Every structure is written in structure tokens, then in C-alpha cells.
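The lines below spell out each chain.
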Amino acid sequence: MTATTTAPGTYDAIVVGAGAGGGTAARVLTARGRRVAVLEKGPLPVADDFLPYDELHFHTHKTLIPHRDTDPNIYMSGPGQDRPTPVERWWNVNMAGGATNVWDANVPRYTEEDFRVLDHLHDVPPDADMVNWPWTYRQFEPWFERAEYEWGVSGRARQSPAQEPIRAGYDYVMPPLRPHAAVPFLTEAFGRAGMRPYLGPRAINSRVYDGRPACSFCGYNQFFGCGLNSRASALNTVLQRALATGRCDLLTGHCVTRLVHEDGRVRGVMYRTEPGGPERFLGASQVLVSVQTIESARLFLVSEVPDPSRLIGHYLTYHTHGSAEVTLPLQPVWTGDGAQQPSTAIGSLQLRDLYVVDDPATPVTKAGKFSVYDPYTCVPPVRLVKGAALGPGRSGLWGEDLYTYLEELRHQGGAYFSFTGEALSLYDNRVELDPDVTDPWGMPAARIWYRHHAYDLAAARYAIDRVVRVMGDAGGELRGYDVPGAENPGYGHVQGTLRAGTDPGTSVLDENCQSHTVSGLYVLDCAFMPTAGASNPTLTLLANAYRVCEQLPDPG
Amino acid sequence: MWLLRPSATGCFDKDQRRAVEVLFDAVLPGGPRRPGAADADAAEYVDRLLAMGPETHPEIPAWRLAYPVLLAALDTAAQRAHGGRGVADLDRAEATALLRDLAAGTLPDWPAAALAQPAAFALLRAHCIEGCFGDPRWGGNREAVIWRWFGHLTPAEPFTRPAGATADGPGEDS
Numbered sequence: 001m002t003a004t005t006t007a008p009g010t011y012d013a014i015v016v017g018a019g020a021g022g023g024t025a026a027r028v029l030t031a032r033g034r035r036v037a038v039l040e041k042g043p044l045p046v047a048d049d050f051l052p053y054d055e056l057h058f059h060t061h062k063t064l065i066p067h068r069d070t071d072p073n074i075y076m077s078g079p080g081q082d083r084p085t086p087v088e089r090w091w092n093v094n095m096a097g098g099a100t101n102v103w104d105a106n107v108p109r110y111t112e113e114d115f116r117v118l119d120h121l122h123d124v125p126p127d128a129d130m131v132n133w134p135w136t137y138r139q140f141e142p143w144f145e146r147a148e149y150e151w152g153v154s155g156r157a158r159q160s161p162a163q164e165p166i167r168a169g170y171d172y173v174m175p176p177l178r179p180h181a182a183v184p185f186l187t188e189a190f191g192r193a194g195m196r197p198y199l200g201p202r203a204i205n206s207r208v209y210d211g212r213p214a215c216s217f218c219g220y221n222q223f224f225g226c227g228l229n230s231r232a233s234a235l236n237t238v239l240q241r242a243l244a245t246g247r248c249d250l251l252t253g254h255c256v257t258r259l260v261h262e263d264g265r266v267r268g269v270m271y272r273t274e275p276g277g278p279e280r281f282l283g284a285s286q287v288l289v290s291v292q293t294i295e296s297a298r299l300f301l302v303s304e305v306p307d308p309s310r311l312i313g314h315y316l317t318y319h320t321h322g323s324a325e326v327t328l329p330l331q332p333v334w335t336g337d338g339a340q341q342p343s344t345a346i347g348s349l350q351l352r353d354l355y356v357v358d359d360p361a362t363p364v365t366k367a368g369k370f371s372v373y374d375p376y377t378c379v380p381p382v383r384l385v386k387g388a389a390l391g392p393g394r395s396g397l398w399g400e401d402l403y404t405y406l407e408e409l410r411h412q413g414g415a416y417f418s419f420t421g422e423a424l425s426l427y428d429n430r431v432e433l434d435p436d437v438t439d440p441w442g443m444p445a446a447r448i449w450y451r452h453h454a455y456d457l458a459a460a461r462y463a464i465d466r467v468v469r470v471m472g473d474a475g476g477e478l479r480g481y482d483v484p485g486a487e488n489p490g491y492g493h494v495q496g497t498l499r500a501g502t503d504p505g506t507s508v509l510d511e512n513c514q515s516h517t518v519s520g521l522y523v524l525d526c527a528f529m530p531t532a533g534a535s536n537p538t539l540t541l542l543a544n545a546y547r548v549c550e551q552l553p554d555p556g
Numbered sequence: 001m002w003l004l005r006p007s008a009t010g011c012f013d014k015d016q017r018r019a020v021e022v023l024f025d026a027v028l029p030g031g032p033r034r035p036g037a038a039d040a041d042a043a044e045y046v047d048r049l050l051a052m053g054p055e056t057h058p059e060i061p062a063w064r065l066a067y068p069v070l071l072a073a074l075d076t077a078a079q080r081a082h083g084g085r086g087v088a089d090l091d092r093a094e095a096t097a098l099l100r101d102l103a104a105g106t107l108p109d110w111p112a113a114a115l116a117q118p119a120a121f122a123l124l125r126a127h128c129i130e131g132c133f134g135d136p137r138w139g140g141n142r143e144a145v146i147w148r149w150f151g152h153l154t155p156a157e158p159f160t161r162p163a164g165a166t167a168d169g170p171g172e173d174s
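In order, the protein sequence lines correspond to chains A and B. FYI, UniProt numbering numbers position 78 of the first sequence as 78, with every residue one higher than the one before it. FYI, UniProt numbering numbers position 94 of the second sequence as 94, with every residue one higher than the one before it.
Just so you know, the hints here were simulated from the structure itself, not pulled from any lab data. Incorrect hints may appear among the rest.
[What the hints assert, rightly or not] Residues from chain A that face chain B, not an exhaustive set, calculated with beta carbons under 10 Å: (1) M76; (2) L118; (3) L330; (4) V333; (5) P381; (6) L390; (7) L402; (8) W449.
No experiment lies behind these values; they were computed from the predicted model shown. Note that beta-carbon positions come from the ideal geometry of N, C-alpha and C, so glycine has one too.
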């Protein structure tokens, strides 16, 4: 694979950002015969750049993400949301391949409970603005399958009634990754509570696929690059195919500073090739933006895309995140043998039984799902030990307390549950341009107002507490316990800001993810999502990118 | 492949280095059957880290300024509590008590120029953990002693300090 820096020629389409959405757009459009330029402000990495794996280098020292002091998001913190606070951007990885270079590759589908959220989320609080998506799960189904095929998803359909509905006759392109040794115990424990966890789909090879080797279970996953290309990325899947057509120019080191539009039509983009360098113009009649939810809103605002209903940047959502960690004194250390995953950073089980809640004890009707990990074998040690806890309110361990925690890990089983939850859409949760702070390229930083609705917090706490009870019944003792608060200075999955919908009065994009006010301008990252959904969003982002780009009209 | 470029020299003077060793030994106090910060030489990790530049971590210049002020403030607190003995001369129990007060923010007359006490404790704890549980190439976790005992990347092994060897740490009665 090569990148070119030859002077841009005539392109049918410009893709802004070489990550999940942009790479998929390049793949589809070049296959359709279009000539495409992909502008990526970061460099072109190779898998070797991620070696040697090193937690201090890649995670502790935050090598791959923009630094908070020089290229931050500005989060308005405090009860009055009046304290501009620079925050990290953990999921902005500015290089070809974007965040798929360091992702967990946890790829569930959004389901009808997300697409038709109002059918499942009852008694929506009046201050929330929840909407059904303008598509159905069935309409997305072929695009999910396309994404799972081209990105190489391992998994198994029909393991559990709680799993995403998979059509008869379909299965993933390869079997699931080897399970952890804890899987039988956890399956039985949750089975007694009427829950059915299952081996989750992962964009990680369980065998050789698409010219890429099977996972070696090296011990590192999220926040680390994959030195073997066993884990899918935009670079080793879709971009590779796009470049092989000869119709794609991947222009790294090209930062798009402005979307150029005139009389309601997109004309191209302005870009720089170095901070402080001259702005140059590149023209095309179709521009597809996919630079991450907050970043796309920032680009729309900088570009003064007409916004008669004042919707750009609004309805930002972050999934709620929380976790619980238990130790199980009567269970052995789950290091496994040859039939199970060895020490890795990859979880096995997904627990989706609390996606929809029907419990008279709570007003919560939609919560979310859990990814289940083994804290001992799945989390690299520096991060694990820094987060060590011996129960609620007993974190920050050191001295003898820390050894108590470490000895538990060494001598008995454990489980770590990571929650991804529904978040209600609120108009005032939004992105604006910061009046004071600029990024290294001279663009205003994003200023973010975000507070979770009380419903989000109640749903997360309900789901986490249910899991803790099940584990307690199975002999577990609670160690880490992290339930979200109203403030979210930037953790995790992020959606909205450029909502898609059929009504220009209530949405920024139409149902094909084209701007209502600038024709030829499309958005493919999670900014298009009308509501948050309650699963890891990337597969749904990919499915939408396939859907939009396969149906993209001929360039005018 | 990325290359770690270790610094040729450390950043601490002899007294500062000894003080960091004493403090880290209290954060992760090893024993006859468990390795600790002294076995890992976690102080070597932070000594080398601070000698690197912001290209390794953007906060290194700030840490390089913070450590001498922090260590001097702790020295003053130790001398006041222990009849003139500084941090380097504390035994493990005394160092543990000092850190407990630091974490709680209850050390008296803490200088305004130093990091706030809880933040100072969090920094020491974080660097000690990194020096114990990070990759040995950074100077700590000597011969992967902590990984081998803990079971990172290879199955956990029992730890037995070689006969005659000491943890080279303060206060341990091994």
C-alpha cells in the first residue's frame, strides 16, 4: 500500500478523514468507478510503528492522541458549566486509519431498540428530545452484513435470545475468538438469573482471513495498534482495497480547514499541509466528512454551513459508561489452557439482557449492554493497578491494601463488567467553537457543553447494580464500582451533533446523510446518529457508510 | 518500530534519589515472598523519565520542576516529625505515615509552591506503579521482577529473594 502526495487532480469526491467512515467511503466509491481524494491530517502508519507493544509508551504517555495542553477539547465543567477545562480526546487518533488503529474492535449491531427507540423507551422525560431513526433495523441489515464481511468480524449467530437478531442462514465470516476460561462459570451464573451472555462479535481474526493472520493473543488490544494486522482497521481493510483500484489518492498531512460551499452546493475544501502554511483549495462536487462526531460539528461551524434551525452541534450524546469488578474467592485464576484465550486484553462475553428493561421496580425501560473482561488477564498492568479498588470508596490503593488486591488477582477468579448505556438527547448538550483556544492548525477548538440526563444515570446504575447482584449470588465480592455522574468530560462513544432526519426543521442531514442546506455535502461519522443507541457504535457507522455511498448519486 | 531513547543520566541528586526510594518502598512495600518497589528499582524509572524531554511525555518538564519542590517539602515535614531526620532516613513505617498524611492533605505548613498534597501523593503513586508494572526497558521493573511474580505475559511465579540479597530498600526486615 502506498500513499501519494502528487498534486491533486480532478476528483469525483473528496473524503475528509481516513478513519472508519472515510475509508469505507473510499472503498465503495472507488469500486463504483469514482476517483476519490482522501484528505487525512495525520501520517500514514504501518503496523510496525506499533511495535514493540509498551503500555507506558502507548497508553500512559498517550502517544497516539492529541495532547490536552496543545490540541484539546474544551469542556465546560462545574455545576454551572462555567469552567472551560481542556480535556483529553481519547478517541481522536490523527493518522490514516483513525481510531480503528487502537480500538477494541467490539462490533455489535445497533438493533430495532435503537432505531425505533420511542417504541422501547417509555415515559421519556419531557426535557429530552428522543426521536425514532428514519430507517429500520431490517433496512440496515444488508449493510451490517457487508460491513461484517469486509471488515472481517469473528462471531457466531444465534447463541442467545438476547443477541442481535440475525437472519436465518447468515453467520459471521469466521468463528468467535477463543473464549476465556471464565466463560462457563459466568454463563451459568447469569443463566441462573435468566440472562444469556454470549461470545461477542469482534473485528479480530480468529483464523487467517483476508490475507491477515489470526490473533496471536499478544496481551494488548484497546489503546494499542496491532502489529500483525490481525485486528481490522480502516487501513488494512477498506483503504487497502480503495488504493488497489488506482482511483484513490490518500493525501496524508492534509488538514481540511474549511468546507467550501456556494449557493447551497458544496464546491470543495480548503486545506493546509502544515500548521501555519498557506490554505489551498481542492474542488469536487461531492464532499464526505468523517472526522469524528465533535470534529465534524466543529468543521461545519467553522465553515458556516447554513443552519436556519440552529441545530448544528446540538443533541450531542455520550454513552454512559460505568463498570463493576468482582473477585470470586472460590474460583480459580482463569488463565486458561490451550483451548481458551491466554492472557489477553480481549473480552469474550457480551451481556445484552438489560438492553430493554421490564422491571416494575424501576422506571428505566432501556439501559444498555456489558462487555465482560477478566481484570487479571485482560487489562495491562499499569492501568489495572492504578485503578485498583477493594470496594466502593476504596480506590487509589497502595501499601498493604494494594498487595491484598494483587494477591486476590493472583489466586482467585475475577470479572470486570464494562457498561455502555443509552443517553437521552438534549438540545443544550452541544458543541460550539471556543472563542479563546485554537488548535495547532489555527482552527478554533471545540467547546463542549455536556451533562447526562438523570435518566441516563439511573439506567446505568440500575444495570450495573443488577450485574453486581448476580455476581454476589455467585459468590463474588465487589471490588471496583464506577457509576457515572452527570459530567462527562469526554469519555468514549460520542454521537449526534449533526442529526439525520427527514424534516429540515429538526435535523441537519437528510436520510441519506446529506446536508439539508448544502447539497453534495455528506457526513459519515457518528454525528449523523439521531440518538445515542446503546451499543459500541462503529459497526452501525460502517453500515451507514456503505448504505450512503452505495446509493450516492452520480457527481453533478 | 518506535525506539525508546533512554537518557544517559538520571535527574535526581543522591539525596533526592534516596528519598524517592524510601517513598516508593512505602507505596509498594516488598517482603520475603513478594517483590516491591525496591526490587523493581522503581526510583530508577522516574529518575530516567524526568531526564527525558517533552517528546516522551508533555508533562515531563512540569514534573521535573515539581519533584525537587515536593521532595524538599516532604523533607521538611519529616525533619519536623522525626527530630531532624529527613525522608531518606525514615524507616518504612515512618515513610508510610508520612505518605498517609500527604494523601490526606494534612501535613502542616505545606509550601504554596509545591503541588497540592493529594496531587503530590497521586503523582508519587502513579510513578511508583509505572516503575513497578511498566516495561523494564524504561528502567524500572528490574528483570521483569514484578511481571514474573504478578503473572503478566507469563504465568505467575513465586518470588523468593536470593539468599544474601536485600531489596536494597529502606526499612525492610527481610
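Status of the hints after comparison with the structure:
| no. | hint | result |
| --- | --- | --- |
| 1 | M76 | violated, 23 Å |
| 2 | L118 | violated, 44 Å |
| 3 | L330 | violated, 19 Å |
| 4 | V333 | holds, 8 Å |
| 5 | P381 | holds, 4 Å |
| 6 | L390 | violated, 15 Å |
| 7 | L402 | holds, 7 Å |
| 8 | W449 | violated, 26 Å |
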